[in-house]
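**Q** Read off the chains here:
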Amino acid sequence: MRPEKGSLTEPRQQQGTEPSEAELIERAKLGDAEAFQALYEKHKRRVYSLCLRMTANTAEAEDLAQEAFLQLYRKIATFRGESAFSTWLHRLSVNVVLMHLRKKSLPVVSLEETTQGTEEDSPKRDFGADDVALAGSIDRMQLQRAVDNLPPGYRTIFVLHDIEGYEHNEIAKIAGCSIGNSKSQLHKARMKLRDLLKMNRAEKAGKSRAG
Amino acid sequence: MNCVELQRSLGEVEDGSSLEQRSHLRACSACSELVRELNLIVAAASQLQAADEPSPRVWNSIEIALRQEGLIRPPGVGRPQVPSFSARWGRARWLVPAAAMLLLALGIYVRRESLPNQLAQQAAVAVPVAIASDLDDDDLMQEVAANSPAMKPQYEENLRWVNESIRDAQGVVDGSPNDMEARRALMDAYQQKSMLFEMAMDRSLP
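Those protein sequences? They're chains H and E, same order as listed.
In this text, residue positions in the first sequence follow our numbering: the first is 3, and each later residue adds one.
In this text, residue positions in the second sequence follow our numbering: the first is 3, and each later residue adds one.
Note that these hints are calculated values from the structure, not bench results.
Check each hint, because a few of them may be wrong.
Cβ pair distances, simulated, as ranges [claimed, not checked]: (1) G83(H) with E71(E): 32 to 38 Å; (2) T89(H) with R162(E): 34 to 40 Å; (3) M101(H) with Q49(E): 23 to 29 Å; (4) K206(H) with V174(E): 20 to 26 Å; (5) Q49(E) with S210(H): 21 to 27 Å; (6) P153(H) with D140(E): 21 to 27 Å; (7) S22(H) with A147(E): 46 to 52 Å.
If you want the ones that stay clear, here's a sample from chain E, every Cβ over 12 Å from chain H, calculated [unchecked claim]: (8) L12; (9) R38; (10) E166; (11) V174; (12) D181; (13) M182; (14) A184.
Since we're looking at a predicted model, the values are computed, not measured.
Each residue gets a CB set at the ideal place from its N, CA and C atoms; glycine is no exception.
Chain E with its partners taken away, still in its complex shape:
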């Protein structure tokens, strides 16, 4: 067996353990070094298994989709009661279903055939929703800080991501009011924010 044959045979017997391979490797330092280095690579490969962590948006998106598909049931009997929120959050709490109704109305309207001036009005409708949502963010973060400060960074990260999505989508809609895909993306972004608040309200804060 020569060097070429040895290298070809590694496709079949990967670790150089056959009789012929071992015989050649005993006599050939270059091929011996090759096999050693290939074995190093194989040994190192296991480091890459489960080496990385997805961002929080992956679970957020999964949970939103599961709720939309009805695969997640609402909390049942026996779960701890949702704690009472402060008066300020109580007022802001009603803004969420109101925002959801506005989103639904906006969504129905957006999906119809419409004239460019009506599209401009739709973009304007999104602004008060955005303003209301900003107020909700402050109320929510103050409640989280008061009731569960350990979770505050995660809430901040999720809200930041959702608000960025809304701003990006709004920017595209403002620039291209006739872009149906952009308007759908804006709707999806608001919907995700609405779901985020809903999830936070459904879950009892530790």
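Bound conformation, chain H alone:
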């Protein structure tokens, strides 16, 4: 863990090796401010990115990340080490975000249990596949924008499974859906992302031809 350069709350490095996470947790249980901050610095990107991907809103994501860490620190005395600390924190963060989405009456999992007739009866339409095939690698910013444009239910499943690595049985428990629903929603989310990415590339290709 590297301390943030120039940070107002930059933790002092102890001489010798950096403290282990287990040591930081024990110190945090005793109220050590630097231990709190060291744990924050270690996990902030993962927690914040999760919140940002699921809400597509930086202000909301910061508030939720703050809430997740506060809940963590309030409960840290109860952490016994049965699971990895990062797993515990991550699960807590997911719950904080899902509670927030539920309060906003946004679907945590897409309510689209059945597909629309026109989509299922024929193969997906390609958007000028020859010109805008998703070749090579996908630009991170483009993918980020496409994820932000997903409907909230699809976005949740895609973030939890493909970005954060949760299995379908875990998502089913977290999101309160069936495993089958999690799988089908994930597939639809990926199909939707594919469409969004192809549209984006088609627009760019059109602009460069015009210009």
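Given the coordinates of chain H, assemble chain E onto it according to the supplied hints.
**A** The following block gives chain E in isolation, referenced to the frame of chain H:
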């Protein structure tokens, strides 16, 4: 298996690896291209994990809340002594607890039922606190520049953010003196600034 069945089956076997899927994909370039593109998306997804950094205000807010809840203990024995500050900072140092007392008095007063003319007086009380705080900012930044220049940008960023919050909240209170929420927001903003100075004093500057 036709194309529709293949696409439907991808919901269950995501990577097209089942016998039936592979058989269809060998014969169908469109579906083969579809599966390839979906796999590209999955592969790219990992780039988004831990890709972003929250602003400094997140930790500031967390630390303030933890101190308010008493979850962070004061520095114990064995920590390096707080370095002595210059005479100028020594004078300004006393302004912080004085400002905190003013904030506390203002907070108690703000939370009572009050008449509009008293509310106008409360807004006026905040002005000398704001002026004192501006003087503290200069003293603090000069001390930081002298003792730990590497931390100056971060201190400047945090002070800028807190002062902006105070100005915004003060603006709302000036426009709507009867707005209880606005006055609470102003109190919270001053409290955060007070905590910021307290944190800076508690911590030894490297």
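**Q** Hint by hint, note whether the structure agrees.
**A** Comparing the hints with the structure gives:
One distance hint, 32 to 38 Å for the beta-carbon pair G83(H) and E71(E), is violated here, with the actual separation near 24 Å. The given range of 34 to 40 Å is respected by T89(H) and R162(E), whose C-beta atoms sit roughly 37 Å from each other. At roughly 27 Å, the beta carbons of M101(H) and Q49(E) sit within the given window of 23 to 29 Å. Distance hint check for K206(H) and V174(E): the Cβ-Cβ separation is about 43 Å, which falls outside the suggested range of 20 to 26 Å.
Checked against the given bound of 21 to 27 Å, the beta carbons of Q49(E) and S210(H), roughly 24 Å apart, stay inside it. The hinted window of 21 to 27 Å between P153(H) and D140(E) is violated, with their beta carbons roughly 51 Å apart. S22(H) and A147(E) have their C-beta atoms about 35 Å apart, which leaves the hinted 46 to 52 Å range violated. Taking the minimum C-beta to C-beta distance to chain H, about 5 Å, the non-interface status of L12(E) is violated against the 12 Å cut.
A cut-off of 12 Å between C-beta atoms contradicts the statement that R38(E) is not in contact with chain H; the least separation is 8 Å. The non-interface label for E166(E) is consistent with chain H: the shortest C-beta to C-beta separation is roughly 15 Å, beyond 12 Å. Its beta-carbon lying about 18 Å from the closest one in chain H, V174(E) satisfies the requirement of being farther than 12 Å from that chain. At roughly 21 Å, the least C-beta separation between D181(E) and chain H is larger than 12 Å, which holds for a residue marked as non-interface.
Look at M182(E): its CB is around 22 Å from the nearest CB on chain H, clear of 12 Å, so calling it non-interface holds up. Non-interface status of A184(E) relative to chain H is upheld: no Cβ of that chain comes within 12 Å, the nearest being about 19 Å off.
The structure shown violates the earlier hints numbered 1, 4, 6, 7, 8 and 9.
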